[in-house]
Amino acid sequence: METLGVDLDHGLRSFRLSLALDVGAETVALMGPSGAGKTSVLRSIAGLLRPDSGRVALGDDTWLDTPRRIDVPPERRRVGLVFQEYALFPHMTVRANVAFGGRERVDELLERFGIAALADARPATISGGERQRVALARALARDPGVLLLDEPLSALDAHTRSRVRQELRELLLDLGLPTLIVTHDFEDAAALADRVGVIVDGNLLQVGAPSELVAAPADTFVAGFTGANLLRGVARAAPNGLTEVALDAGFTAYSVEAATGSVALAVYPWEVSVARDAPDDSAVNHVRAPIASLVTLGNRVRVQIGPVTAEVTAQSCERLGLREGEVVVASFKATGARLLAGGVSSAR
Amino acid sequence: MRPSAFGVVLWAAACVALAFLLIPIVAILSELTLGELRDGLTSDVARDALRVTAETNLVAMALILLFGTPTAYLLASRSFRGRTLLVTLVELPLVLPPAVAGIGLLAAFGRLGLLGGTLESLGVDIAFTKVAVILAVTFVASPFYVRTAIAAFEAVDPDLVAASRTLGAGPARTFGRVALPLASGGLGAGAALAFARGLGEFGATIMFAGSLQGVTQTLSLAVYQEFDVDFDTALAIGALLVLGSALVLFAAKVIPSWRRSASTSITVSAPSASR
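As they're listed, the protein sequences go chains B and P. Under our numbering, the residue at position 109 of the first sequence is numbered 109, and the numbers go up by one with no gaps. Residues are numbered in our numbering as their position in the second sequence, beginning at 1, plus a constant of 1000.
Careful: at least some of the hints might be erroneous.
Just some of the chain P residues that point at chain B, by a computed CB distance under 10 Å [claimed, not checked]:
id, residue
1, Ala1013
2, Ala1014
3, Thr1069
4, Leu1160
5, Ala1163
6, Thr1166
7, Leu1167
8, Gly1170
9, Pro1171
10, Gly1188
Example chain P residues on the side facing chain B (calculated, C-beta under 7 Å, incomplete) [what the hints assert, rightly or not]:
id, residue
11, Asp1159
12, Arg1165
13, Ala1252
Derived list of chain B stretches under chain P, where covered just means 3 residues or more per stretch with a C-beta under 8 Å from a C-beta of chain P [what the hints assert, rightly or not]:
id, segment
14, 65-75
15, 79-85
Read the hints as simulated data drawn from the structure, not as lab findings. Remember, it's a predicted structure, so these values are computed and weren't measured experimentally. Cβ atoms here follow ideal geometry from the backbone N, Cα and C, with glycine treated the same way.
Starting from the given sequences, assemble the full structure and let the hints guide the process.
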């Protein structure tokens, strides 16, 4: 499998986009606030934007090399780009849209994405989730070497979103293409990507597995962005009226939310408390494990305890005398544990 | 509900304006009996003028579409220094008095004009020929098309053009399969407007091409000539022009909404090609 190498420098309105990234056969999410330059990265790779200077190559195939004056036009770069609003051709049927990318595998792709029944429909008459599948099928019809997805879930309503997220994860694993996803949502990034890069004002602040970012954010900005711990597990209804989740990490947790099957349990670090012994309070979930890392962020400390990261004040950390390697108990309430259908990618 | 005073004012003003526009048209149509209309339209003058108008306007329209469409796409899709200046130039004939357009064409292409010597050495004489009518109509009517076409191309979502490129289509194929079909409604409306303007062309034509029956005398020139000679024939041709212009203008309003069905013909070919 070829590796996508990207090295860009480009002046945007109020800052410089400056970023270097290698993407192998994996999914990397670029996450950051609106206007951070995420979409400009995708457009530069696709050839729709010519950066001031930079290099883009897939394996030995150089698409952009400004010092050598190479700038391959978009139609000759093997890129599958799925636009944020999907950009389906309104004057063509679903079939003609897919065939626009390449005619060899149209029927196969229509079948694979479950849109064969819509083949003669116009994009305006189908749902958001269906449009996304058409956009994916069209991008893949080109047989791309790289897949670029710009906010693939943002145009969907909340209900469709979780289902599509799961379908998309399975598809990306199945394709095994170097894939870049732009998103501003950590849950989406963690669910879809092997690695997450946080991009702010054109700079890549940190790149790492989702759990790494939660446990050891490079700075407060990343900490603010990463949001919740995401723990994979299998859910079933428990006799006490709660949902019992057998976590892959070897613990059992409870949530007030109903779910069965493969789920991701989400709990925010600031809703996890730390104690020497299991406290006798209202929290029903306890994880006893040694402290893997302590990361100070101003007046806060992120404490990684087994699979869970807690955020406590610097004073509490000092008062408890927390040190790496010490066994402590992380606790959180069943009401603070949200369940997301479909699970998330394993943190590597 | 009681109508508001403001509503009454609006309606009153609109009635005056509409009546003013309608009365001359009604007058043209009511001053003629059906027999007079038939006689007028079957006269030699009218038949010749109709033929000249049809021939010259069809060629002029073809020229406008052939050169105007790429020009409009260029101006709509590229940004470069001096673009606004070029757009202004393209639109200039809209505000130029037709007589000035006529004298300009004469000064450029006439025997003694700027390019007259070059053309004469090539054995080409343009002024006071059918070619002159075509050039006059093209000059005066083209901005009606190009202006609308620029707006139509600008209204095409840039993401669709970008998507076409990333899907492997070069600039030319992107133009043909995405930009052109999506702008077709606006292009059709612009073409209808330009055609309506061309049908009524008078000032530039009479300056540059003269009014020779059967050669350069179009319908509007024939109205002008006949109103001294045979007022009924002038009225009959006038009635024809009123109906023709109204029909074309109506088409310009209706055509954009045909886009959906018009674009079907483009996708019809796709399934067969996709096996």
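Hint by hint, here is what the structure shows:
no.	hint	verdict
1	Ala1013	violated, 40 Å
2	Ala1014	violated, 36 Å
3	Thr1069	violated, 17 Å
4	Leu1160	holds, 5 Å
5	Ala1163	holds, 4 Å
6	Thr1166	holds, 5 Å
7	Leu1167	holds, 4 Å
8	Gly1170	holds, 5 Å
9	Pro1171	holds, 8 Å
10	Gly1188	violated, 14 Å
11	Asp1159	holds, 4 Å
12	Arg1165	holds, 4 Å
13	Ala1252	violated, 21 Å
14	65-75	holds (count 3)
15	79-85	holds (count 5)
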